[in-house]
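Now for the letters of each chain:
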Amino acid sequence: MALEQLVETIAKALVDHPDDVRVTSEENDHSLRIRLEVHADDMGKVIGRQGRIAKAVRSVVYAAGTTRGKRVQLDIG
Amino acid sequence: MKKVTVSGKTVEEAVKQGLEKLEAQETEVHIRVLEEPQKGFFGLLGARPALVELERKPDPVREGLLFLRDVIDQMGIHASVEQEDRDGTICFHIHSAEAGVLIGKRGQTLDSLQYLVNLAANRQSEEYLRITLDAEGYRSRRKEALEVLAERLAEKAVRLKKEVRLEPMSAHERKMIHHTLQKNPRVTTYSDGKEPNRRIVVVPKQSAN
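Top to bottom, those sequences are chains C and V. All residue numbers in the first sequence are consecutive under this note's numbering, ending with 79. All residue numbers in the second sequence are consecutive under this note's numbering, ending with 210.
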């Protein structure tokens with residue numbers, strides 16, 4: 003199962019406009035770069051005060067990434 | 002499915018059908034009667050069925066559990082989740098051979114996951130329900146380890162007559178250490194530094210020696 007799907011599931015559970023959640027990615031041999039975009043009004047819902055939510059999302063996504071042996075980077079915004 | 006509109010001969014009948022469709026109990030939904038049934042002449046002409054709308058009430062426990070299940074599955078981890086009641090708080094206990102991945106270094110991943118589960122669970126509900134996450138008994142193991150660590154460092158502080166600084170910990174873990182050492186008459190504790198590098202300092206009491 004793709005990590006992009008995981009990012010999408012988490013984001014959709016946090017925002018008010020789940021239909022506006024977009025997840026794209028770039029992959030090469032060593033790393034996977036995932037980009038999460040949400041509705042402008044929902045930015046706070048995925049970032050949180052002092053980035054607390056973003057940090058939690060990254061922590062979970064990176065943990066899932068370690069089992070795949072790839073470096074994962076998650077960009078939000 | 003969150004919301005259905007159903008018609009029936011009577012309001013009761015329509016509600017019953019709606020509950021079956023939502024697979025819910027009557028206490029789990031809001032019921033709105035949109036139209037009362039109207040009997041026509043001779044039971045035929047101009048007769049109109051009852052029309053009701055049923056909406057599932059937000060249930061934080063259900064939302065949280067569904068979210069956690071989805072996340073674990075999509076992380077590619079095989080696990081079962083058990084719902085426990087621990088002193089009045091709800092705990093989702095994850096059982097898995099791969100629990101280590103979900104726990105992470107010093108429980109960091111488990112804490113992150115717990116935070117997200119709470120956000121997802123309480124997104125639509127008016128009151129805030131707190132959910133704890135555990136994996137293979139990690140929480141109680143960690144608590145015991147912290148209590149042992151606290152006592153050992155208290156002894157060290159007393160012996161060296163010097164302050165002992167611990168490594169940075171989460172607010173929850175700091176609280177456990179403060180709590181443990183409150184019972185120790187030979188030391189006092191305080192926290193120092195800014196999150197996320199806030200750490201406990203154990204201070205020997207002067208009068209103790």
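The set of hints was computed from the structure by calculation and includes no laboratory data. Since the structure is predicted, the reported quantities are computational estimates derived from the model, not experimental observations. Glycine residues also receive a C-beta, built at the ideal position from the N, C-alpha and C atoms. Any given hint might turn out to be false.
Going by beta-carbon spacing under 10 Å, a handful of chain C positions derived as facing chain V [as the list claims (entries may be wrong)]:
{"hint": "1", "residue": "Ala4"}
{"hint": "2", "residue": "Thr11"}
{"hint": "3", "residue": "Leu16"}
{"hint": "4", "residue": "Asp18"}
{"hint": "5", "residue": "His19"}
{"hint": "6", "residue": "Asn30"}
{"hint": "7", "residue": "His32"}
{"hint": "8", "residue": "Leu34"}
{"hint": "9", "residue": "Met45"}
{"hint": "10", "residue": "Lys47"}
{"hint": "11", "residue": "Ile49"}
{"hint": "12", "residue": "Arg60"}
{"hint": "13", "residue": "Arg70"}
{"hint": "14", "residue": "Arg73"}
{"hint": "15", "residue": "Leu76"}
{"hint": "16", "residue": "Ile78"}
For each hint, the structure was consulted:
1. Ala4: 8 Å, holds
2. Thr11: 5 Å, holds
3. Leu16: 6 Å, holds
4. Asp18: 8 Å, holds
5. His19: 12 Å, violated
6. Asn30: Given a least distance of 21 Å, the restraint on asparagine 30/C is violated.
7. His32: 19 Å, violated
8. Leu34: 14 Å, violated
9. Met45: Violated: closest Cβ of chain V sits about 15 Å from methionine 45/C, beyond 10 Å.
10. Lys47: Since the shortest Cβ distance to chain V is 8 Å, the answer is holds.
11. Ile49: 12 Å, violated
12. Arg60: 8 Å, holds
13. Arg70: 8 Å, holds
14. Arg73: For arginine 73/C, the interface hint is violated, since the closest Cβ of chain V sits about 16 Å away, which is over 10 Å.
15. Leu76: Violated, about 13 Å.
16. Ile78: 14 Å, violated
In summary, the numbered hints that this structure violates are 5, 6, 7, 8, 9, 11, 14, 15, 16.
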